[in-house]
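Taking the hints into account, I'd like the entire structure generated from these sequences.
Residue numbers (this note's numbering), protein chains in the order written: chain A, 321 to 659; chain U, 321 to 659; chain W, 321 to 659; chain G, 321 to 659.
Treat the hints loosely; a few may be bogus.
[To be verified] Below, a list of computed lysine-lysine pairs in the DSSO-like style, where the Cα atoms sit at most 30 Å apart:
1) K467/W - K343/G
2) K411/G - K658/G
3) K400/U - K381/W
4) K478/G - K440/G
5) K647/W - K400/A
6) K411/G - K657/G
No lab work stands behind these hints: they were computed from the structure.
4 protein chains.
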Amino acid sequence: MIVVMGLGHTKQQLNHLVAMVEKMGLSTHIIYGTDRTVVAAVGDKRMVDKSALENVPGVEKIVPILAPYKVASKEVKREKTVISLQPSGAKIGSDTISVIAGPCSVEDRGRLLDTAEVIKQAGAVGLRGGAFKPRSSPYSFQGLAEKGLEYLAEAREKTGLTVVTEVMTVKHVDLISRYADVIQIGARNMQNFMLLQAVGEQSKPVLLKRGMSATMEEFLLAAEYIINAGNPNVILCERGIRTFEEYCRNTLALSLIPAIQRVSHLPIIVDPSHGTGHVYLVEPMCLAAVAAGAEGLIVEVHPDPEHAFSDPGQQLSPEQFQQTMTKIARVAAAVDKKL
Amino acid sequence: MIVVMGLGHTKQQLNHLVAMVEKMGLSTHIIYGTDRTVVAAVGDKRMVDKSALENVPGVEKIVPILAPYKVASKEVKREKTVISLQPSGAKIGSDTISVIAGPCSVEDRGRLLDTAEVIKQAGAVGLRGGAFKPRSSPYSFQGLAEKGLEYLAEAREKTGLTVVTEVMTVKHVDLISRYADVIQIGARNMQNFMLLQAVGEQSKPVLLKRGMSATMEEFLLAAEYIINAGNPNVILCERGIRTFEEYCRNTLALSLIPAIQRVSHLPIIVDPSHGTGHVYLVEPMCLAAVAAGAEGLIVEVHPDPEHAFSDPGQQLSPEQFQQTMTKIARVAAAVDKKL
Amino acid sequence: MIVVMGLGHTKQQLNHLVAMVEKMGLSTHIIYGTDRTVVAAVGDKRMVDKSALENVPGVEKIVPILAPYKVASKEVKREKTVISLQPSGAKIGSDTISVIAGPCSVEDRGRLLDTAEVIKQAGAVGLRGGAFKPRSSPYSFQGLAEKGLEYLAEAREKTGLTVVTEVMTVKHVDLISRYADVIQIGARNMQNFMLLQAVGEQSKPVLLKRGMSATMEEFLLAAEYIINAGNPNVILCERGIRTFEEYCRNTLALSLIPAIQRVSHLPIIVDPSHGTGHVYLVEPMCLAAVAAGAEGLIVEVHPDPEHAFSDPGQQLSPEQFQQTMTKIARVAAAVDKKL
Amino acid sequence: MIVVMGLGHTKQQLNHLVAMVEKMGLSTHIIYGTDRTVVAAVGDKRMVDKSALENVPGVEKIVPILAPYKVASKEVKREKTVISLQPSGAKIGSDTISVIAGPCSVEDRGRLLDTAEVIKQAGAVGLRGGAFKPRSSPYSFQGLAEKGLEYLAEAREKTGLTVVTEVMTVKHVDLISRYADVIQIGARNMQNFMLLQAVGEQSKPVLLKRGMSATMEEFLLAAEYIINAGNPNVILCERGIRTFEEYCRNTLALSLIPAIQRVSHLPIIVDPSHGTGHVYLVEPMCLAAVAAGAEGLIVEVHPDPEHAFSDPGQQLSPEQFQQTMTKIARVAAAVDKKL
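Quick look at the structure:
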């Protein structure tokens with residue numbers, strides 16, 4: 321941590337600051353520059369709240385040097401984390417692209433089983449589908465709840481696909497971890513810290529979606545909560561950020577993929593369905609994500625998008641999904657990966 | 321709802337679209353324009369997911385006409401909602417500005433009681449303080465939990481101030497509603513729909529903070545969840561949005577105040593502490609918020625900001641708070657309000 | 321255009337609005353909905369300023385139906401615009417990916433000629449390099465001016481590459497169009513309307529970079545200025561938008577590529593150097609852009625990035641560029657294109 | 321400047337970095353921390369491009385310590401800049417709030433003269449009005465050009481108001497500086513560096529609007545261009561930034577006022593008309609801006625907003641302006657200022 325002293329600070333203020341820093345267990349180096357005096361604080365500063373020093377008289381600003389996350393970082397674990405998905409056996413983080421597909425919401429048994437068959441044949445390894453749905457409006461369809469989980473489990477038995485579904489509240493963690501193979505934390509809950517804690521205390525892998533306005537640092541700190549609670553199997557998922565852009569629901573930030581891979585050992589996948597909000601943008605963004613190095617995709621597919629109960633505008637039809645998968649396989653090969 | 325047909329759509333596609341809309345229980349009017357054909361759909365469309373029509377062949381886009389919120393809107397209730405706070409008797413939504421103040425986190429009993437006395441004398445009506453703290457990093461101070469609630473209750477007894485504290489998970493709603501007079505939903509939980517539901521099912525007023533990247537529409541839909549669940553006493557709170565700005569933690573969007581007041585009957589207050597993140601910005605933004613029509617303020621005050629356990633950089637000292645209150649009173653008078 | 325009347329408007333207000341709209345040369349259809357009355361205005365509304373009606377008494381809001389651009393749109397010209405670059409003969413908008421490369425700034429003759437040879441051998445068709453540089457700080461290197469243009473022309477003679485360079489002011493348009501084969505409008509000048517007009521009045525193709533906070537609509541309206549002034553050869557270029565993200569200089573919005581291709585006939589290329597600001601992000605974003613359907617790339621390459629006069633952090637070394645080109649060729653083939 | 325070395329860098333890499341920094345004329349201090357080695361570079365670094373070091377092998381990142389602006393900063397000039405406006409005699413930067421008002425565009429002589437009279441009586445000191453208009457669409461009204469300037473000059477003669485009008489291109493600087501008392505640089509030209517240079521070379525005060533996505537640092541660097549070119553009389557103007565908010569055209573960032581006042585000696589005013597885009601938001605934002613410490617306002621007023629040629633939705637009627645001025649006077653008094 322670097323403390324930058326303001327113009328015109330007094331010697332007494334500098335001494336007071338140095339004393340404060342040293343009381344935090346850090347050692348100090350004072351550097352007298354041409355325009356500014358700075359104090360470098362050396363030691364483990366992850367526990368120190370930098371804003372504690374910000375209002376100390378004479379201080380202009382505090383510049384952190386270390387990222388605040390630790391166990392999610394390559395500094396602590398250099399080799400990539402590879403997560404095995406049950407029962408499909410897929411390995412997220414390997415050189416095989418894992419595709420998870422399925423409807424936005426689980427709507428009825430027959431359709432879900434059909435969709436599962438179709439996506440399995442097209443090469444997907446996981447089946448997604450919301451049983452409990454976070455909806456912006458209280459008037460929208462809220463999901464089938466446990467009944468939806470049962471249908472997902474039945475689809476798994478028939479197809480061997482890994483079941484991925486979202487948990488919305490601490491109270492449901494047990495229930496959902498009984499049915500699901502991967503527990504999803506939605507973007508709106510990325511900083512629901514008690515929920516992060518709860519999924520960290522169970523053993524199923526967690527698919528953690530980036531919050532709509534989360535920085536990379538906050539995203540990795542959210543993963544850090546889960547890992548710290550005992551669960552190292554966190555799959556990160558970029559799903560678009562909120563910007564001023566108007567032609568898409570969110571702006572998909574694909575450069576996050578190499579950025580995460582540079583600092584963290586955790587695998588990262590992409591959700592182009594929520595990340596764009598429009599069917600016609602999904603395929604190009606699937607291909608772009610794979611080319612950029614994504615380790616998997618999560619894509620919405622519905623047997624009859626026109627009549628879907630939620631987000632019909634962003635779900636591919638089975639035919640569209642099959643075509644997209646063929647193209648994904650070609651792009652994957654071009655970057656030395658498999659589908 | 322207006323459905324805009326694409327260039328070159330067929331008559332069959334138009335008929336199919338019209339049939340779909342009518343099956344939703346809406347009536348249709350077709351308007352043949354110079355460049356475009358549009359279909360106006362008339363009826364109660366709040367239950368209709370507009371994206372359901374977006375992928376219908378021949379459709380270019382869907383334009384909603386009505387806002388999706390209802391009970392939070394002036395269309396349903398024209399008179400302003402005035403919320404009485406217990407035990408202080410303050411009325412948020414009246415022509416008196418209500419100021420809630422206190423430390424970011426409850427840290428120890430003595431300091432909290434002292435702070436409560438100081439802010440009471442300066443003219444505050446409510447005492448804020450986090451017992452359970454949402455922290456971006458798992459390594460930061462997480463709050464005193466129930467012990468913190470007890471201290472708050474004791475401070476209320478001594479001062480008559482209204483106690484405002486945050487709930488972070490459904491499981492704690494009962495506990496917190498036993499101690500607090502107003503339950504706060506933090507920005508990170510604005511779309512934690514199960515928590516909204518839960519605080520809607522209890523009777524204490526709810527202070528709902530705007531999410532960091534929530535639109536006005538999403539903010540009012542979150543309030544709608546609470547009202548629909550049975551609790552009409554929702555106080556909205558603008559606390560800054562995430563933008564590219566670098567000199568402040570968040571960009572405080574004060575034009576939201578008159579915008580909300582135009583469409584909703586709910587009172588709106590402002591949190592300049594989180595909304596800026598820096599002490600030197602808090603006072604000017606308090607004054608600006610009152611001038612813009614805010615019905616209250618929630619401000620962080622700490623007896624010794626330098627040694628606060630959380631967010632020290634944004635907490636006023638008692639002296640700073642007293643000075644700010646004096647100025648707030650003058651600006652309030654200039655816009656025909658009282659403190 | 322749809323005019324939405326507010327709740328409680330009077331019949332007189334509705335009549336007044338209808339009269340105003342008809343005076344604009346539009347015909348009107350009134351639709352009485354369940355909650356709202358709306359007036360559909362039919363006719364060519366591109367000349368009508370929608371905000372003209374916004375304050376008319378009784379009006380709640382105006383909803384435009386048509387996009388405001390015309391000649392940049394597929395509605396006016398359905399076939400794709402293919403732009404031939406001289407003297408390289410490259411065709412932007414065909415199934416061949418065109419790569420333009422070179423240093424951020426032209427710095428000296430020898431290095432520029434060397435760089436041109438290297439990028440030519442690696443498969444580039446165009447040479448970029450700034451002679452006049454827009455720099456945020458007046459203390460930064462501002463370019464070699466006409467001397468830089470002469471070096472670019474010399475490099476063209478030796479290599480046959482197409483020369484692309486930026487114009488910053490109307491006064492330089494003549495000078496630069498004498499030397500360059502493609503004139504670039506930088507992001508900061510995307511809404512410098514007099515400059516758009518001036519490059520529209522000369523005949524060299526224009527590379528138009530998207531403004532840092534420009535919507536797709538504004539971007540196409542800027543192209544519309546150029547086309548309307550007489551120059552149909554506009555190459556659009558996505559170069560990242562300003563968001564809250566902190567790991568990159570800008571957020572590269574790759575979904576803009578298919579979005580533009582859906583509504584406009586103009587070709588679109590991508591600048592991953594400015595679009596990310598960091599060398600390690602350039603290659604993955606080149607590959608992602610091609611996979612997403614970009615028709616070309618513009619990439620910064622410098623013989624000795626460490627000693628570059630501007631933006632050294634985002635320029636590839638010649639070796640990095642060659643490796644990236646090899647990978648681009650593979651991804652291009654995977655989406656049925658050539659390099 | 322602080323150079324943070326990456327984990328696992330070699331001693332040779334550190335030596336190379338130190339040599340590079342010293343070659344830039346800076347001296348170095350190496351600090352060996354618990355997790356990281358950092359090199360503090362001391363000396364005048366304003367001329368050094370920080371990104372020059374970013375790709376040096378072994379370097380993780382560069383952290384600048386000093387702001388890049390100099391002459392716009394309080395470090396160089398501590399006393400506030402007060403700018404006298406001719407012929408009104410108003411002093412921007414004093415304890416009197418200066419209000420500039422007038423139509424978005426100059427449309428006809430009679431109306432302009434009437435508007436000038438009205439705003440003068442209401443207490444304005446300046447008359448604004450565009451003769452050359454930057455319009456997003458080439459189909460919108462582009463202004464009356466020199467004829468408009470003549471009307472403005474005539475209005476000045478009749479009323480003694482200071483004339484403020486926008487320059488859009490270098491070529492017009494002479495023409496406009498002959499007619500105007502204050503030359504405005506619009507938001508879209510904030511980084512049109514040649515235009516900044518040109519208005520810096522003439523002697524009329526410059527009203528510099530913040531770009532729609534400009535950081536505070538970029539804003540002050542734009543001012544720095546003008547001051548460096550010879551003109552110290554720069555009035556900064558906040559006019560809203562582009563965010564995801566949908567109820568307003570821009571998000572007015574009022575906390576910029578105290579933030580600028582903390583680091584710069586330049587006066588700052590606010591444009592609530594462009595800053596919100598809607599008449600009903602203008603008055604509350606005028607009051608809020610004054611309460612936050614703005615040194616002036618620039619407000620759009622039109623004798624017949626419904627029939628204005630540009631931006632009718634954001635222009636006040638003369639009656640609305642008079643009422644707003646009365647309220648501004650009261651809020652100004654509450655913060656110890658005058659109108």
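Verification of the hints:
no.	hint	in the structure
1	K467/W - K343/G	27 Å, holds
2	K411/G - K658/G	12 Å, holds
3	K400/U - K381/W	23 Å, holds
4	K478/G - K440/G	10 Å, holds
5	K647/W - K400/A	23 Å, holds
6	K411/G - K657/G	13 Å, holds
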